[in-house]
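Asker: Given the coordinates of chain A, work out where chain B should sit on it, guided by the hints.
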Amino acid sequence: MTWEYVEPATVEEALAALAGEEARVLAGGVSLMVLLRNRLLTPRRLVNLKTVPGLDGIAVGPDGALRVGALATHRALERSPLVRERWALLAQAAGHVGSPPIRNMGTIGGNVCHGDPAADLPAALCALDARLRVVGPGGEREIPAAEFHRGYYETALGPAEILREIVVPPAPPGARGVYLKLRRTATDLAVVGVAAQLEVAHGRCRWARLAVGAAAAVPVRLRDAEACLVGRTPDEAAAREAAALAGRAVDPLDDARGSAWYRRRMVEVMVARAVLAAARREP
Amino acid sequence: MKRAIQLDVNGEPCEVAVPAERTLLEVLRRDLGLSGTKEGCDVGECGTCTVLLDGLPVRACLTLAVDVRGRAVTTVEGLAAGGRLHPLQEAFAREGAVQCGFCTPGMLLVAKALLDEVPRPTEEDVRQAVAGNLCRCTGYAKIVVAVRAAAEAGR
Chain A
1 MTWEYVEPAT
11 VEEALAALAG
21 EEARVLAGGV
31 SLMVLLRNRL
41 LTPRRLVNLK
51 TVPGLDGIAV
61 GPDGALRVGA
71 LATHRALERS
81 PLVRERWALL
91 AQAAGHVGSP
101 PIRNMGTIGG
111 NVCHGDPAAD
121 LPAALCALDA
131 RLRVVGPGGE
141 REIPAAEFHR
151 GYYETALGPA
161 EILREIVVPP
171 APPGARGVYL
181 KLRRTATDLA
191 VVGVAAQLEV
201 AHGRCRWARL
211 AVGAAAAVPV
221 RLRDAEACLV
231 GRTPDEAAAR
241 EAAALAGRAV
251 DPLDDARGSA
261 WYRRRMVEVM
271 VARAVLAAAR
281 REP
Chain B
1 MKRAIQLDVN
11 GEPCEVAVPA
21 ERTLLEVLRR
31 DLGLSGTKEG
41 CDVGECGTCT
51 VLLDGLPVRA
61 CLTLAVDVRG
71 RAVTTVEGLA
81 AGGRLHPLQE
91 AFAREGAVQC
101 GFCTPGMLLV
111 AKALLDEVPR
121 PTEEDVRQAV
131 AGNLCRCTGY
141 AKIVVAVRAA
151 AEAGR
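Taken in sequence, the protein lines are chains A and B. In terms of our numbering, the first sequence opens at residue 1 and continues consecutively. In terms of our numbering, the second sequence opens at residue 1 and continues consecutively.
All clues given are correct.
Which chain A residues face chain B? A few, computed with CB under 7 Å, are given here:
no., residue
1, 2
2, 3
3, 30
4, 99
5, 100
6, 186
Now the stretches of chain B that chain A is said to cover, found in silico as 3 or more residues with beta-carbon under 8 Å:
no., region
7, 10 to 24
8, 40 to 50
9, 55 to 65
No lab work stands behind these hints: they were computed from the structure. C-beta atoms are modelled at their ideal positions from N, C-alpha and C, and glycine is treated no differently.
Pulled out of the complex, with its shape left as it was, chain A reads as follows (with noise of 0.2 Å):
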């Protein structure tokens, strides 16, 4: 099986280059080749947007939030100073995707536009309220990362719409983040993974984000567990209650790497873990 392949120097060549044909974006081609390997994907034309330059920054935008290129690799978001020390819980998850060469080849957008319900990213811009600055023919829209997974693989990503970056606003200044990851190998994905955030001010929560991936088709947010944690000390009985609302709130999957039983169980145990460690400002 082949395909044309096409290196657009510019956004609008890419676009035009997805437009009207089975066309895919290759990025870090991680997760595309397999797909194409076991011919799950039957494009056309791959049409490598690497070769677009600016679209790998890492900085901070006017307006204070972080501005993270859709073809930033997962390494360059682990090690990069900025991001590990504002905002932690992006660095942290970007570390705990696949393996190294994994790391080195993959980007944040080629994860979140392939829409693994285990993967990493997903959950935590859902807890960091990333947007999501999608370019297509209609022009561009911003959309909230909450809202673009829409299923099992399924993003809000149009057939010739591209990525193009990522809005993180910045947490309240005490805030600390923490991505934890319950896994069977060391570069297994998820059975579950919890991205938490938590402002702690004079001994009690002031502020709470709260995302699990892994354990529903889409991340899901955990409102309800945030809202328990708001206005008390989070200790062990706080962590415990925000854990059970947590449990509540999924709809596992039941697959190789855990049964809906289990994972909802280590929904709850990881919950009160990141919980406590976002608290206690641990790394």
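Answerer: Just chain B now, with coordinates in the frame of chain A:
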């Protein structure tokens, strides 16, 4: 339809004509006769296809050859220089880190990339670096010892 691509392999300029779907792994093994890089799972999980691309470990089975035009690729064949084994190769042999040898090329390359960046790795550093390379034989213990021994020997 084939496309001619130039790339640097182990310091030597190479040119091959490849169709769009040929992977770097296929080019290395079949077009260039460099069979040190192995075909294991073909889906990027096992690590036996790992090569260095501009010094960084990547999965050759998931890399399209056309995508690495003009880049520098290092395979296991590029480790020994001037007839002398690389310190990592010597350490692997000496420490018993090679049994069937199938994972060894990938292990050597990720270890080289690690030592190029972290000359004195801790045990944890080594374990993290080889996390993406499966070994069915050794249990990893002697691989970790060998990498740290090579780091010692190199200083």
